[in-house]
Amino acid sequence: AQSVTQLGSHVSVSEGALVLLRCNYSSSVPPYLFWYVQYPNQGLQLLLKYTSAATLVKGINGFEAEFKKSETSFHLTKPSAHMSDAAEYFCAVSKGQAGTALIFGKGTTLSVSS
Amino acid sequence: DAMVIQNPRYQVTQFGKPVTLSCSQTLNHNVMYWYQQKSSQAPKLLFHYYDKDFNNEADTPDNFQSRRPNTSFCFLDIRSPGLGDAAMYLCATSRGQGVNSPLHFGNGTRLTVT
Numbered sequence: 001a002q003s004v005t006q007l008g009s010h011v012s013v014s015e016g017a018l019v020l021l022r023c024n025y026s027s028s029v030p031p032y033l034f035w036y037v038q039y040p041n042q043g044l045q046l047l048l049k050y051t052s053a054a055t056l057v058k059g060i061n062g063f064e065a066e067f068k069k070s071e072t073s074f075h076l077t078k079p080s081a082h083m084s085d086a087a088e089y090f091c092a093v094s095k096g097q098a099g100t101a102l103i104f105g106k107g108t109t110l111s112v113s114s
Numbered sequence: 115d116a117m118v119i120q121n122p123r124y125q126v127t128q129f130g131k132p133v134t135l136s137c138s139q140t141l142n143h144n145v146m147y148w149y150q151q152k153s154s155q156a157p158k159l160l161f162h163y164y165d166k167d168f169n170n171e172a173d174t175p176d177n178f179q180s181r182r183p184n185t186s187f188c189f190l191d192i193r194s195p196g197l198g199d200a201a202m203y204l205c206a207t208s209r210g211q212g213v214n215s216p217l218h219f220g221n222g223t224r225l226t227v228t
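Taken in order, these protein sequences are the chains called A and B. All residue numbers for the first sequence refer to this note's numbering, where the first residue is 1 and numbers rise by one. All residue numbers for the second sequence refer to this note's numbering, where the first residue is 115 and numbers rise by one.
Simulated from the structure, these hints should not be mistaken for laboratory data. A hint or two may mislead.
[Unchecked claim] DSS-like cross-link-like pairs, simulated, lysine-lysine; straight-line CA separation at most 25 Å:
1. Lys49/A / Lys158/B
2. Lys106/A / Lys152/B
3. Lys68/A / Lys95/A
4. Lys166/B / Lys95/A
5. Lys95/A / Lys152/B
[What the hints assert, rightly or not] Just so you have them, the derived chain B footprint on chain A, three or more residues with Cβ under 8 Å:
6. 38 to 46
7. 89 to 95
8. 101 to 111
C-beta atoms are modelled at their ideal positions from N, C-alpha and C, and glycine is treated no differently.
Working from the sequences, and respecting the hints, build out all of it.
Next comes the structure, spelled out in structure tokens:
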């Protein structure tokens, strides 16, 4: 069965600092992996997805993630944090092979201080 | 703009009193999903429709039902809400079920059970 584990429920960075949000996956089939962002009182918005093409995936708002099969990881990074990046971030894996029903991690809240 | 709309944004119901949450979409997508998101937890898939085909997750309680009378609308019915059903309920859509059909989320309905 597919699952994802997000390491760290809260991450705090200063504006301009590197953002690193960690996600490890478990999957019995080649995984399709996603990162979503959720702002307060809003739905989830897709940041980026990995679908077995390039292992380094670029998304919106300057975020990117690297798929590392040897580490079963799909960590999300951004070189320089902005105040507007403060939100909750969810890593997700496709429930079935190539399906769109997703299994989400518990989320990581990113705080950005000035 | 094409979108996924959930009404109401906030719903209060009494313990044991049936409640219905609604979701509409102008995207003409084939698939509609309902997720339950409890505080500080991952969104959890309850069920989804592919056109008229209903797919229930194995661990979704019988207390939760869904209807999709047409392409645009999907309803979540909670027959006898308990205190443990208080959560944010997220509706999402996708054009198909491949990974190139990303999920589009509504802003959610926050349900309070008194």
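Going through the hints against the structure:
A distance of roughly 19 Å separates the Cα atoms of Lys49/A and Lys158/B; the hinted pair therefore holds under the 25 Å criterion. Proposed proximity of Lys106/A and Lys152/B is supported: the alpha carbons are some 10 Å apart, at most 25 Å. A C-alpha spacing of about 19 Å is found between Lys68/A and Lys95/A, which places the hinted pair at or below 25 Å, so the restraint holds. The straight-line distance between the Cα atoms of Lys166/B and Lys95/A is roughly 20 Å, inside the 25 Å bound, and the hint therefore holds.
Of the supplied pair hints, the one linking Lys95/A and Lys152/B holds, its CA atoms being roughly 20 Å apart against a limit of 25 Å. Three residues within the 8 Å Cβ limit are the bar, and the stretch 38 to 46 of chain A against chain B gives 6, so the coverage statement holds. Counting residues of the stretch 89 to 95 of chain A whose CB lies closer than 8 Å to any CB of chain B gives 3, so the stated coverage by that chain holds, three being the minimum. Only residues whose C-beta sits within less than 8 Å of a C-beta in chain B count toward coverage, and the stretch 101 to 111 of chain A has 7 of them, enough to reach three; the restraint holds.
Going down the numbered hints, you'll see the structure goes against none, and every one checks out.
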